Every structure is written in structure tokens, then in C-alpha cells.
Amino acid sequence: MHALIQGIILGILTAGVYALMASGQTLIFGIMKVVNLAQGAMVILGAYLAFQLFTSFGIDPFLAIPITTVALFVVGVLVQLLFLRPLRSDDRSELSLLVTFAVALLLEGIMSVIWSTSDRSINTHYANSSWTVFGYQITLVRLWAFLLSLFALGLLYLLLNRTRFGRAIRASVQNPESATLLGVQSERVSAIGFGLGAATAAAAGSVYGLLYPFNSGSHYDLISRLLSIVILGGLGSVGGAVIGALVISVSSAIVASAISPIWSEMTFFIVLLLVLLVRPRGLFGTAARGAI
Amino acid sequence: MSEPILVLRSVVAGYGAGDILKGVDLEVQPATVTCLIGPNGAGKSTVLKCVSGLLRPRQGSVTYRGDVIDPLSTRKRLSRGIVHVPQDRSLFPAMTVWDNLLMGGYAMKDQKEVRRRVEQAADTFPICRQRAHDHAGSLSGGEQKQVELARTLVLDPGLVLLDEPSIGLDPKSRTQVFASIRGLAEQGITVLLVEQNARSGLAASDIGAVLETGIVRLVDSGASLLTNPEVARLYLGGHATPAAATAATSAPGR
Ligand SMILES: Nc1ncnc2c1ncn2[C@@H]1O[C@H](COP(=O)(O)OP(=O)(O)OP(=O)(O)O)[C@@H](O)[C@H]1O
Ligand SMILES: [Mg+2]
Numbered sequence: 001m002h003a004l005i006q007g008i009i010l011g012i013l014t015a016g017v018y019a020l021m022a023s024g025q026t027l028i029f030g031i032m033k034v035v036n037l038a039q040g041a042m043v044i045l046g047a048y049l050a051f052q053l054f055t056s057f058g059i060d061p062f063l064a065i066p067i068t069t070v071a072l073f074v075v076g077v078l079v080q081l082l083f084l085r086p087l088r089s090d091d092r093s094e095l096s097l098l099v100t101f102a103v104a105l106l107l108e109g110i111m112s113v114i115w116s117t118s119d120r121s122i123n124t125h126y127a128n129s130s131w132t133v134f135g136y137q138i139t140l141v142r143l144w145a146f147l148l149s150l151f152a153l154g155l156l157y158l159l160l161n162r163t164r165f166g167r168a169i170r171a172s173v174q175n176p177e178s179a180t181l182l183g184v185q186s187e188r189v190s191a192i193g194f195g196l197g198a199a200t201a202a203a204a205g206s207v208y209g210l211l212y213p214f215n216s217g218s219h220y221d222l223i224s225r226l227l228s229i230v231i232l233g234g235l236g237s238v239g240g241a242v243i244g245a246l247v248i249s250v251s252s253a254i255v256a257s258a259i260s261p262i263w264s265e266m267t268f269f270i271v272l273l274l275v276l277l278v279r280p281r282g283l284f285g286t287a288a289r290g291a292i
Numbered sequence: 001m002s003e004p005i006l007v008l009r010s011v012v013a014g015y016g017a018g019d020i021l022k023g024v025d026l027e028v029q030p031a032t033v034t035c036l037i038g039p040n041g042a043g044k045s046t047v048l049k050c051v052s053g054l055l056r057p058r059q060g061s062v063t064y065r066g067d068v069i070d071p072l073s074t075r076k077r078l079s080r081g082i083v084h085v086p087q088d089r090s091l092f093p094a095m096t097v098w099d100n101l102l103m104g105g106y107a108m109k110d111q112k113e114v115r116r117r118v119e120q121a122a123d124t125f126p127i128c129r130q131r132a133h134d135h136a137g138s139l140s141g142g143e144q145k146q147v148e149l150a151r152t153l154v155l156d157p158g159l160v161l162l163d164e165p166s167i168g169l170d171p172k173s174r175t176q177v178f179a180s181i182r183g184l185a186e187q188g189i190t191v192l193l194v195e196q197n198a199r200s201g202l203a204a205s206d207i208g209a210v211l212e213t214g215i216v217r218l219v220d221s222g223a224s225l226l227t228n229p230e231v232a233r234l235y236l237g238g239h240a241t242p243a244a245a246t247a248a249t250s251a252p253g254r
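Order-wise, the sequence lines are chains A and B.
Residue numbering for the first sequence is 1 to 292, as defined by this note's numbering.
Residue numbering for the second sequence is 1 to 254, as defined by this note's numbering.
Heads up, some of the hints might be wrong.
With a straight-line cut-off of 20 Å between C-alpha atoms, the simulated SDA-like cross-links for lysine to any residue are [to be verified]:
#1 B:Lys109 x A:Ser186
#2 B:Lys112 x A:Arg162
#3 A:Lys33 x A:Ser89
#4 B:Lys109 x A:Thr163
#5 B:Lys112 x A:Leu159
#6 B:Lys109 x A:Asn161
#7 B:Lys109 x A:Arg162
#8 B:Lys112 x A:Asn161
#9 A:Lys33 x B:Pro93
#10 B:Lys109 x A:Phe165
#11 B:Lys109 x A:Leu160
#12 B:Lys76 x B:Leu55
#13 B:Lys76 x B:Lys109
#14 B:Lys76 x A:Gln185
#15 A:Lys33 x B:Ala94
#16 B:Lys76 x A:Phe165
#17 B:Lys109 x A:Leu159
#18 B:Lys76 x B:Pro39
#19 B:Lys76 x A:Pro176
Some chain B residues flagged as far from chain A (calculated, every beta-carbon gap over 12 Å) [as the list claims (entries may be wrong)]:
#20 Pro4
#21 Val7
#22 Gly18
#23 Asp19
#24 Gly41
#25 Lys76
#26 His84
#27 Glu119
#28 Pro171
#29 Thr175
#30 Gln176
#31 Asn228
Simulated from the structure, these hints should not be mistaken for lab results.
Since we're looking at a predicted model, the values are computed, not measured.
Beta carbons: idealized from backbone N, C-alpha and C, even for Gly.
Extracted from the complex, chain B is given alone in its bound form (with noise of 0.2 Å):
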């Protein structure tokens, strides 16, 4: 295997009192989708917070391309390329779709490039240009999904933080947000997600890791995941998926 672009060593962290990450270690390999998956309140947001700065670890090391990013800024960590689509709906509902992937583009200082970039996201998610100067307020949960992820692009990003993608979509559009996740590491960025739905997120990653009261349990292939016995009775619903059923690794979930 490849260095890891990204590492996570023995983070804790948390918000008030107590620590909510108990020691977090996690390998990212580059031009790869990893899943992470747990209980609700495991503290999945919590470890992209770490990642792209919202939340400063108390102990323990994120390193990114062989460097260590803690002391970083947020706007430190976008102009690396780290982006960071947070859990809740993230476009700015009252604004066009087209302004919010120039926001996108909002740390870099070049605007024409900005605008270039702006362009070239759209030929990928072509709901962008279609829907240009809708507020994206306007836009289904999937189209808005579909802009969301246009926007991360926008930055040229090396590292995609999702949290959530797939969260009250209908079976079709997340059938089209995991395609399009897909894309992402075939144009060689590395995408971190966390995932509720984690038959589908599980089904569309190279590897998922299973974090639970704020320590990661388990590492494996997705393909694996999907078919152990434990991970299937805690978060697939009970039972395993036929092994052949998943030879398919990269078939977005349905």
C-alpha cells in the first residue's frame, strides 16, 4: 500500500466535560473512498470536526500529507485542500446555486480561476447549470446533494470530508450521490465518509471502519465489513450480505 494522505494517531477530544474521541486511529490511503460507520453519538461528526479544524483534538496527531495540521486554521486546512461537508443541509438555502459554488471558491484569491473551476464542477453535476439561478433552497434533498458535492470541487480539493451524504434521500438519488462519490476518488480525491446508511455507504467504499464510543473497532475492506456477522447484526439490519452479492465492491448501495 501507498503512505497514507491521511492519518489520525490516539486522538481524543471533546466539547465540554468528558471526552467524546477516546483515542482515534484511522488510516486514509490516497484516491480512495473510507466509510466510517457507528451508533448514532459515537462521535463520527466529531472525528471530521478534527479533521478539517472545527474542533481541536486534546491529545493525539492529524496528519495530512506527512504533516502534522493541528495548529492549522480551518481556512489553513481548505487552502491544503481539506473540504469539509458538514452533517446538516450546508448550501446557503437563499442564495443561487451558481453564488453558492462561487463561495466555493471563496478562500482562493485568483477569481478567475474561481470561475473556471466554477464552470468545469458544473459539466460534472449538470444540475448546476440547469438549476443556475435557482435559490438552492429551491432544490430537492438529491439536486441539492448534487450541488453540495460541485462545490467541494470547486476548491480542487485532495480530501473530501462527507458527513452524511446519503441522509433523506430517496433510493434513486443516493444510488446517484455514491456514483458520483465514486467519481471523486477516480479523479484521485480522497473522500472521508461517515455514513448512517451503512449498507450502501459501506457497498460504494474501498474500506470502512467501525467507530464506536469514540474508538475505532474494527478496520477492513468494505466488501469484508458487509459480510461480518457482527457488523451486519449491529448495523445492516440483522443479517449479512451474501458474499457474492458484494463482489461488486463499487456498486453504489441501493
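Just chain A, same shape as in the assembly (with noise of 0.2 Å):
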């Protein structure tokens, strides 16, 4: 029963991060239509930024994420107005498929030959640190990206519910022929929602080098698991993407304490399958084409 709570508390610690990775891409799906393919490879570059501005600079990964999120938004809106702005709109989900995954590759490709392809972790002073509370352990640094993940969520449901800029974006995800109509130019809205996109992904890649060690290939892994999240949450809602990694990293947790962590990694993917055979569309299908 220990090990159980435990697991579950890890779980929930845990799902914090992935929802913060998963809301991006979700986003960048509502706006555009468009499945990401890049996001896990941003979520490591942005670990990688995290990772050289510590080792180089002495600043703390989490204080760093001022700087990385302003860089991965500056990348983001350049790989939308370079390589996505030139698809014709009405093959431009399928599109985005290959040309997202080419930019992975290219992300991959660049991290290799300037971190090589070794494994990296970020080793600050509090790295092992931990607050027993009841009996159950919580990792620091794991309890901190928790909470950065709910901050960083929280700013980004403030942008998208109570500003102009963040109703632009709704309105364009719910109906784009009216938002343009009303004056929306929805190019403009594409690549500041694809910036923001790969901004999350920067703040999550940096609490991401915290908890793990990661190399240039490390974004294969995520991006199956993003996509696992995004899509059990019901693809361009971005509740449903925290919910998702919810109970994605919970129900994987409780596998690895209560049977085995062999079965854990594959948890993700079981979950997944039976979500899909019951809600083919995720948990939050039908809000899908709606809010975000």
C-alpha cells in the first residue's frame, strides 16, 4: 500500500511536466490542424539550452527558463513561417506530418554535433535532495517542476481565456473563416501559436534535464509519449491534455510499484489502446473541434 501512494504521488509529480509538453503541441494542433512531430526534440533542446547555460553560466535550470522559452519561441515561429507557412492549407495537416518529423531530424542532427550524442544530465546541489511528508518521500526537484508545470499552465490558460491575443487564437481555432472576417490574420496567429507551442516545450526541457539524463535521440521516446497524451486527451484541447498525462503518468507509476517498471513503459501505450477502443476520438473528443 506504501509503495502504491508512493507511486501515485510520483505519478501525479511526474504528469505535471508532460502536461506542460503535451499543452503545447495540443495547442499547436488547435490553431493549425498541424501534429508536431518536432515537439519532443524542442522539449530537448530546450534541455540542452538548460543544460549549457548551467554548466557554462552557473544559472539554475529553473531560473533559466526565462531564457530558453524566449529562444524555443523564436524557433517556432521561424520553422512555422520557413517550412509550414508554404503548405497549401488543404493538404497541410498531412504535410506537417513529414515536414515536422524533418525538423525533428534536423533538431536531432544539430544537438548531435554540438552536445554529441552522449548522455546529459543537469546536476545541481538540490538535485538529490528530498522532503519526507507522512512517511512518503517527495523529490525536491520533482515537487518544484510540478509547480513550475501548474505556473506555466496557469499563464498560459490566463493568455488564451483573458487576453485579445488569446481570444484571436480561440476564435481562429473555432471558426477561421469568421475570425478572418473580424480581422484576424490568421498566419500571424499560426506562428506566434506555434512560438508559444515550442515555448512550453522549452520550459518543460528544462525541469525534463532535471529529472532524467537525455542525448540528441531522447526525443523519440517523448514524442511517442506526447503523442500518446495528446491524443488520449482528444487532439487541440488543452484540459485534455492535462488530464491525459495525468492519467497516463499515474496508471504508469502505479504499474511500475505494484507490478513491475518493465510493464511501466508500456503502460502509456495499454492505456492508450483502451481509451481509443472505448472513446475512438480521446477523452475529450467532442471538445476537439471546439474549445481549446
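Bring the two chains, given one by one in their own frames, into a single complex with the hints.
This is the structure we're talking about:
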């Protein structure tokens, strides 16, 4: 029982970081109907940037987040303007799979050249500290990572729901033609939306680098998890991404502690298949074409 | 008659190969309601798209308040006061009614002014206040139309283009929508509308125009078109409205 609850705590804390990565991906899908296969690579790029800022300048990965998010925001905007905007709108969804996969490979190549392919990790002085609460161990890094993710998701929520630009994003998702007719410039919304998606990847990347060792190829594993989460939650729904992350992280943590860590890797995909059997459009699939 | 506010001159336009509009000529007088009728596929919606800028004519010109506006983007035309409400439901269904109204002023810089205009529009269309915090998608079709009209007011428009405003509405909501449209004209706003429901549309309009296969075949007062036997046979389900019944042109249709 103790191990189970410990597992659930771990799962919830981990879910925050995945929710943040996935929210960016689902936002991009909501705005452009583009499945961004480079989201994982962007997370890893964020992790490398945090790693570099830490090793070269001693900047704490949490404090590096404002820098890495701005950098990845720019990368995201450029990817949209250079590679996605030229695609014709009728076959953009299909072609964008290839394009974003190519971007992922390109980023992987660049990262291998700069940082080699060996594993890196960010070892801060607090990396191994933990608190014990009612007999349950809570790693400090994970707790901070979780709180930071909640904070970033909160900012994203406020941006989408309380600002003029956020209204424009939601409007273009819900009714592109009407949005255009009211003066929303969809290409600009797409570019900034893609930038925001990449920025969430950067924030999550700093944290990811603190939690796990990574290398330039880590994005393959990451993107398959992210896809599971956003499909589970219903593509295009940010709330769904958060729930999807929770369901998947908690269930694999439970499996790890109750059955075996070997099975927990697979839980991601087993849960996904089971949910899709019952709800083919994901948990929040009906919302996929409406809210984000 | 005063100077027309909107003039279409030999407008040719289409989507792929082939032209849909084959030389459309139309003049719209300020602060009037003009109704475009015609069979499905005649190109009625396409005419509105050429005015709002969703589609660029291949030949001919669109003039608004004396300026040729063809080179202008949708956004530029919007800032000149041309607002287009498209045929299908045009609200953002998962946004609140109030947020929908705020989007009506998206093209404006001054957000304070937007808020003031939204309040004003909500005074004209009370449903906006009653359901302010509900998702627009949860409103009935008629209520949604009221909100759409309210949203056009936020921009303080000079010309409102309405594509089939009465589609899918019950008779009572239809009456209400056409009354609101008359209200726009009384405020000095020019309305160009497209209507399947020719009888109600013409009854609420000052001028009617019949579009067939990309050409304007006939332009006359709404009242005269209602009594025109050929128009009646083709678009009013067989029989002309007796002249007496159309005396009050501005009475909303039934
Ligand atoms: N986006 C588009 N791409 C290609 N063809 C189109 C497009 N929109 C309309 N058309 C074609 O143009 C023609 C005229 O369409 P339009 O929508 O202007 O007709 P309409 O008079 O408004 O008809 P309805 O009464 O059915 O709304 C139709 O044959 C239609 O198939
Ligand atoms: Mg039409």
C-alpha cells in the first residue's frame, strides 16, 4: 500500500511536466491542425540549452526558463514561417507530419553536432534532496518541477482566456473564416501559436533535464509519449492534455510499483489503446473541434 | 437618389477554372436594405465575398464610398466599416457571448472603445446581456443571429453584408431578425443581404435584385418584386403577393 501511494505521488508530480509539453503540442494542433512531431526534439533542445546555461554560467535551470522559452519561441516562429506556411492549406495536415518530422531530425542532427550523442544530465546541488511527508518521500526537484508546470499552465490559461490575443487564437480554432472576417490575421496567429507551443517545450525541457538524463536521440521516446497523451486527451484540447498526462503518468507509476517497472513503459500505450477502444476520439474528443 | 455607397461594376469572379460571377452590376444606396435573391449556386454568397474581400474579382471593380476597394485586404475593408456575416453559423461556439462581442472589435486598436461599443450593442440586443456568460453555441439559432447582428455593431459599420440571416429560424425569430435588420438601416447602416426566403427578404428590403447564373437580371423595389409575376413563379412559390398586402414594405416577413 505504501509503495502504491508513493507511486501515485510520483505519477502526479511527473504528470505536470508531461502536461506542459503536451499542452504546447495540442495548442499547435488546435490552431493549425498540425501534429508537431518536433515537439519532443524541442523539449530536448530546451534541456540542452538549460544544461549549457548551467554548466557555462552556473544559471539554475529554473531561472534559465525565461531565456530558453524566448529562444524556443523564436525557433517555433521560424519553423512555422519557413516550413509550414508555404504548405497549401488543403493538404497542410498531411504534409505537416513529414515537415515536422524532418524538423525533428534536423534538430537532432544539430544537437548531436553541438553536444555529441552521449547522455547529459543537469546536476544541481539540490538534485538529490527530498522531503519526507507522512512517511512518503517527495523529491524536491520533482515538486518544484510540478509547481513550475502548474504555474506555466496557469499562464497559458490566462493568455488564452483573458487576453485579446488569446481570444483571437480561440476564435481561429473555432471558426477560421469568421475570425478572418473580423480581422484576425491567421498566419500571424499561427506563427505566434507555434512559437508558444515551442516555448512550453522549452520550459518543460529545463525541467526534463533536471529529472532525467538525456541525449540527442531522446526525443523519439518523448514524442511517442506526448502523442499518446494528446490523443488520449483529445487532440486540440489543452484541458484534455492535462487529464491525459495525469491518467498516463499515474497509471504507469502504479504499474511500476505494483507490478514491475518493465511493464510501466508499456502502460502508456496500453492505456491509450484501451481508452481509444471505448472513446475513439479521446477522452475529450468532442471538444477537439471546439474549445482549446 | 443620393450617391450609391457601394457600386459593383461588371464584376467577374470565380474559384477555380470557370467564372461564377459573369459581370455583376449592382448599386446600393446608403442607409437602405438591399436584398439579393436567386437560385442555389447563382453566386449570391460570392457577390458578398467580393465586397468583403474574401475573394478578389478577376475583372470589374467594387467601389465603396467612392474608392475602388479591390486591392484592399479583408482587414482594411473592415476598418473602413464593411462587415460580413457569412452564411453558416458565424459565432465562436465555445466562447462566451460576451467574448464573441469583444471579437467584433478585434480590428480596433482602442480596447476601451471596444468595451464601450460592446455595452452599447448589448443595449440594442438584450439577449447579449441575458446570456453574456453562456457559450454562444448553447444559444438557439434565433438568439445566435441576434448576437451576430450585435457583433457587427461593435465595429460601428457603414455596410453590413448578411448571408442568409433567416436560415433555419422559426417564423417568430425570423420576424425578429428582419425587424432588427430594418433597425440597422434606421440607424443609418447600409445592409446588403442574401436571402433564400425571398418573400420575407424582399418584404424587409427597400430594393431587391435577382441574381441568376452570375448576372443580375432584375433590380426593383422590394415591393414591386413581390408583385412581379415572374419573380413570384420562380422564387415566391408560385403566386405573387397581392399588391395590397405589400403596402407596408418595411413589415417583416412572415
Ligand atoms: N470556396 C469555393 N470553392 C470552389 N467553388 C465554390 C466555393 N464557394 C462556392 N463555390 C461554387 O460557386 C458557385 C456559387 O456559389 P455561391 O455560394 O456564391 O452560391 P449561392 O448563390 O450563395 O448559393 P446558395 O443559395 O446555395 O448559398 C457554386 O457552384 C459553388 O459550388
Ligand atoms: Mg450562399
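Outcome of the hint check:
no.: 1; hint: B:Lys109 x A:Ser186; in the structure: holds (18 Å)
no.: 2; hint: B:Lys112 x A:Arg162; in the structure: holds (15 Å)
no.: 3; hint: A:Lys33 x A:Ser89; in the structure: holds (10 Å)
no.: 4; hint: B:Lys109 x A:Thr163; in the structure: holds (14 Å)
no.: 5; hint: B:Lys112 x A:Leu159; in the structure: holds (19 Å)
no.: 6; hint: B:Lys109 x A:Asn161; in the structure: holds (19 Å)
no.: 7; hint: B:Lys109 x A:Arg162; in the structure: holds (17 Å)
no.: 8; hint: B:Lys112 x A:Asn161; in the structure: holds (18 Å)
no.: 9; hint: A:Lys33 x B:Pro93; in the structure: holds (18 Å)
no.: 10; hint: B:Lys109 x A:Phe165; in the structure: holds (12 Å)
no.: 11; hint: B:Lys109 x A:Leu160; in the structure: holds (19 Å)
no.: 12; hint: B:Lys76 x B:Leu55; in the structure: holds (14 Å)
no.: 13; hint: B:Lys76 x B:Lys109; in the structure: holds (13 Å)
no.: 14; hint: B:Lys76 x A:Gln185; in the structure: holds (11 Å)
no.: 15; hint: A:Lys33 x B:Ala94; in the structure: holds (17 Å)
no.: 16; hint: B:Lys76 x A:Phe165; in the structure: holds (19 Å)
no.: 17; hint: B:Lys109 x A:Leu159; in the structure: holds (18 Å)
no.: 18; hint: B:Lys76 x B:Pro39; in the structure: violated (31 Å)
no.: 19; hint: B:Lys76 x A:Pro176; in the structure: holds (18 Å)
no.: 20; hint: Pro4; in the structure: holds (23 Å)
no.: 21; hint: Val7; in the structure: holds (22 Å)
no.: 22; hint: Gly18; in the structure: holds (19 Å)
no.: 23; hint: Asp19; in the structure: holds (21 Å)
no.: 24; hint: Gly41; in the structure: holds (19 Å)
no.: 25; hint: Lys76; in the structure: violated (9 Å)
no.: 26; hint: His84; in the structure: violated (5 Å)
no.: 27; hint: Glu119; in the structure: holds (17 Å)
no.: 28; hint: Pro171; in the structure: holds (26 Å)
no.: 29; hint: Thr175; in the structure: holds (25 Å)
no.: 30; hint: Gln176; in the structure: holds (22 Å)
no.: 31; hint: Asn228; in the structure: holds (33 Å)
Hints 18, 25 and 26 from the earlier list are contradicted by this structure; the remaining hints agree with it.
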